[in-house]
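**Student:** Protein chains in written order, with numbering that gives the first Met the number 0: chain A, 0 to 364; chain B, 0 to 364.
By construction, these hints were calculated from the structure, which means they are not laboratory data.
Don't take every hint at face value.
It does not matter which identical chain is meant; a pair holds if it fits inside one copy or across any two.
[What the hints assert, rightly or not] The calculated lysine-lysine pairs, modelled on DSSO-like cross-linking and capped at a C-alpha distance of 30 Å, are: (1) K324 with K244; (2) K332 with K135; (3) K72 with K251; (4) K135 with K242.
As the structure is a computational prediction, the values presented were derived from the model and not from experiment.
Protein chains: 2
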Amino acid sequence: MRFDMNNTVLRQMFRTLARLIISACAVALMTACANQGSAPIAGAEVNSQPAYVSTQSVLPSWQDGNARSAILKFISDVTREGAPSFVPTEARIAVFDNDGTLWSEQPIPFQLAFMIDQLKSAAPSHPEWQRSPAFKALMAHDVSALAKNRKELLQMLSVANSSMTTEEYDQSIRAWLASAKHPTLHRPYTDLVYQPQLELLDLLRANGFKIWIVSGGTSEFMRTWVTRAYGIAPEQVVGTQEKLKYVVRDGKGVLMRQPGFDFVDDGAGKPVGIFRAIGRRPILAFGNSDGDREMLEYTATGPGPSLALLIHHDDAEREFAYDRKSPLARFDKAWDEAVARGWVVVSMKRDWNSVYPGPKAAAAQ
Amino acid sequence: MRFDMNNTVLRQMFRTLARLIISACAVALMTACANQGSAPIAGAEVNSQPAYVSTQSVLPSWQDGNARSAILKFISDVTREGAPSFVPTEARIAVFDNDGTLWSEQPIPFQLAFMIDQLKSAAPSHPEWQRSPAFKALMAHDVSALAKNRKELLQMLSVANSSMTTEEYDQSIRAWLASAKHPTLHRPYTDLVYQPQLELLDLLRANGFKIWIVSGGTSEFMRTWVTRAYGIAPEQVVGTQEKLKYVVRDGKGVLMRQPGFDFVDDGAGKPVGIFRAIGRRPILAFGNSDGDREMLEYTATGPGPSLALLIHHDDAEREFAYDRKSPLARFDKAWDEAVARGWVVVSMKRDWNSVYPGPKAAAAQ
Numbered sequence: 000m001r002f003d004m005n006n007t008v009l010r011q012m013f014r015t016l017a018r019l020i021i022s023a024c025a026v027a028l029m030t031a032c033a034n035q036g037s038a039p040i041a042g043a044e045v046n047s048q049p050a051y052v053s054t055q056s057v058l059p060s061w062q063d064g065n066a067r068s069a070i071l072k073f074i075s076d077v078t079r080e081g082a083p084s085f086v087p088t089e090a091r092i093a094v095f096d097n098d099g100t101l102w103s104e105q106p107i108p109f110q111l112a113f114m115i116d117q118l119k120s121a122a123p124s125h126p127e128w129q130r131s132p133a134f135k136a137l138m139a140h141d142v143s144a145l146a147k148n149r150k151e152l153l154q155m156l157s158v159a160n161s162s163m164t165t166e167e168y169d170q171s172i173r174a175w176l177a178s179a180k181h182p183t184l185h186r187p188y189t190d191l192v193y194q195p196q197l198e199l200l201d202l203l204r205a206n207g208f209k210i211w212i213v214s215g216g217t218s219e220f221m222r223t224w225v226t227r228a229y230g231i232a233p234e235q236v237v238g239t240q241e242k243l244k245y246v247v248r249d250g251k252g253v254l255m256r257q258p259g260f261d262f263v264d265d266g267a268g269k270p271v272g273i274f275r276a277i278g279r280r281p282i283l284a285f286g287n288s289d290g291d292r293e294m295l296e297y298t299a300t301g302p303g304p305s306l307a308l309l310i311h312h313d314d315a316e317r318e319f320a321y322d323r324k325s326p327l328a329r330f331d332k333a334w335d336e337a338v339a340r341g342w343v344v345v346s347m348k349r350d351w352n353s354v355y356p357g358p359k360a361a362a363a364q
Numbered sequence: 000m001r002f003d004m005n006n007t008v009l010r011q012m013f014r015t016l017a018r019l020i021i022s023a024c025a026v027a028l029m030t031a032c033a034n035q036g037s038a039p040i041a042g043a044e045v046n047s048q049p050a051y052v053s054t055q056s057v058l059p060s061w062q063d064g065n066a067r068s069a070i071l072k073f074i075s076d077v078t079r080e081g082a083p084s085f086v087p088t089e090a091r092i093a094v095f096d097n098d099g100t101l102w103s104e105q106p107i108p109f110q111l112a113f114m115i116d117q118l119k120s121a122a123p124s125h126p127e128w129q130r131s132p133a134f135k136a137l138m139a140h141d142v143s144a145l146a147k148n149r150k151e152l153l154q155m156l157s158v159a160n161s162s163m164t165t166e167e168y169d170q171s172i173r174a175w176l177a178s179a180k181h182p183t184l185h186r187p188y189t190d191l192v193y194q195p196q197l198e199l200l201d202l203l204r205a206n207g208f209k210i211w212i213v214s215g216g217t218s219e220f221m222r223t224w225v226t227r228a229y230g231i232a233p234e235q236v237v238g239t240q241e242k243l244k245y246v247v248r249d250g251k252g253v254l255m256r257q258p259g260f261d262f263v264d265d266g267a268g269k270p271v272g273i274f275r276a277i278g279r280r281p282i283l284a285f286g287n288s289d290g291d292r293e294m295l296e297y298t299a300t301g302p303g304p305s306l307a308l309l310i311h312h313d314d315a316e317r318e319f320a321y322d323r324k325s326p327l328a329r330f331d332k333a334w335d336e337a338v339a340r341g342w343v344v345v346s347m348k349r350d351w352n353s354v355y356p357g358p359k360a361a362a363a364q
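Model the full assembly from the supplied sequences, consistent with the hints where possible.
**Tutor:** The following block contains the structure:
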């Protein structure tokens, strides 16, 4: 019996992280140079039309259309007792990607912004970094120098985000979230959740669904804020898993964060993460990029009724526009598969009346 | 950044499994030779006395004494609003080991009995095994020959319990549980859950606790039956994790079981498994062996009130008696730590009026 670990996902994570960091620095550079003001964020003026009788009041931020109709029809189908499409409550499992599906993820995933800030905060304790070409490149927003020194940068990131207890790390995430602002939208990151999705989560819960977040980010990062933001309990978060070691420190049992990951919850990892955490196949999955493709496929090829949805970020005015050629969160293969299999592609521009919660959305509820 | 996996736990799992299999075969040999009848299973005649006013009706299978009093006092403390010991509902996390804590585990953990039966069932598809010294030793209950060929036996076990989808494996567990019987008690394995623990689970739930099973067994094995047996949902099971690979087969996304484990949920692995699944430190932990020591320590050294409990299997008449010198599920270091730290040691003989559910227990409820 061989116990060798699957290093493929780790290599993939390494490459992905490296690519993201380079992108992050490019964006930081652009942002610094442009010194631009706040991007406009406003709800569209279109009023939603009822898809079904007596559903006017649900999903008010969803514009009437194929996406909204498909959601309402699916919920109606699986909750109608006696119908062949009926699904008992305990099997009403819904899974949502987080970055780009429940909140924004541009210009870089917000957890990565946090990790880079952790590295900067840790720098005074690491005087040796001052001589590091990678650190110098990061501070100078020198993208080409970063690309040349990315392995060293990853090592520094890993050090800055480990060697502490999970409780200390948790505190550092909370402290960061309390003060950090998005580089171009100039709002706290936790403001950048999607209003239409909050309404969908509420509607699913009201119809007996249990909802999990299934994200490439780490569970630990998400758990500090998802209950407040989405009403989702910490134990309903499935994410990438950092290495941990149990030790006793000052008479107290604690978990020390170790460099590296034990499990990467992305791509073909998502069905594995779902099965391990939930033990059942979901009947609804919502994503936005190629990293969600397998999660949607796993959901959509189950034995009973299912609904697979993907957000297309096509709204540069209210949020961001990126798809097939995006260096991160690429939406390409998943788009092709959506077309081929009849999955629902949600256009942020056409299907959502509003993007972020605001006075207008709050008043409408 | 190094991505090497922690092979220590895997080596440990390998050694443990090898030891268990040898024990299993020794037991099978003894059972075959003795050809003994059914062991007596009966509730004791002692009636429980109320620990507190108005608590007569709770925990009827628990004999009045330190253990029952400690449980009732703890529940009262953490649920009394306004008291310094009050714990809000969302933090009322309880974790229970499974084998030996919620159901019996002798003469060998029941999942291991299943795995060996899987191996025997798979034998016709593996004619090469007929020539294997390990397989011959297993079929002949030849313990010393098994000890010499344990690596080969582990390889066969691993093969017999992989190379199928999670859904196929799930069906094979259900089929086995429906017909398999305990070798000496001659009852279905799922009958061998502990009546006093069923009452404790009910009482905790009634007081706002959310309960997880945290076991060295695999989540997959437990999830097929724990909801029916204990009222615990599949997603509240934390266990050892087999390797899985997502593939598309006949157009359907499935998870193929691979040989080996990604995570071993035992000893110092239990706090890691708890943190990853729940994200919070429990306030109540219940175990019965050295493999639970770190879980109890992690729980008992948390910042607020906590209760750590261990069952001492000292009841050879109604169940089994084993502790410091047991080759499996040894209760030695955890016992010492319980004494040193004031954890509650539950004597099965003195603290439980009944062991398994029966007509008497059912009538009392």
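**Student:** A separate judgement is required for each hint: does it hold in the structure or not?
**Tutor:** Here's how the hints hold up against the structure:
1. K324 with K244: Classified as between: cross-chain Cα gap 28 Å, same-chain 39 Å, threshold 30 Å.
2. K332 with K135: neither (37 Å within a copy, 51 Å between copies)
3. K72 with K251: between (52 Å within a copy, 24 Å between copies)
4. K135 with K242: within (28 Å within a copy, 41 Å between copies)
The structure fails to meet hint 2 from the earlier list, while all remaining hints are met.
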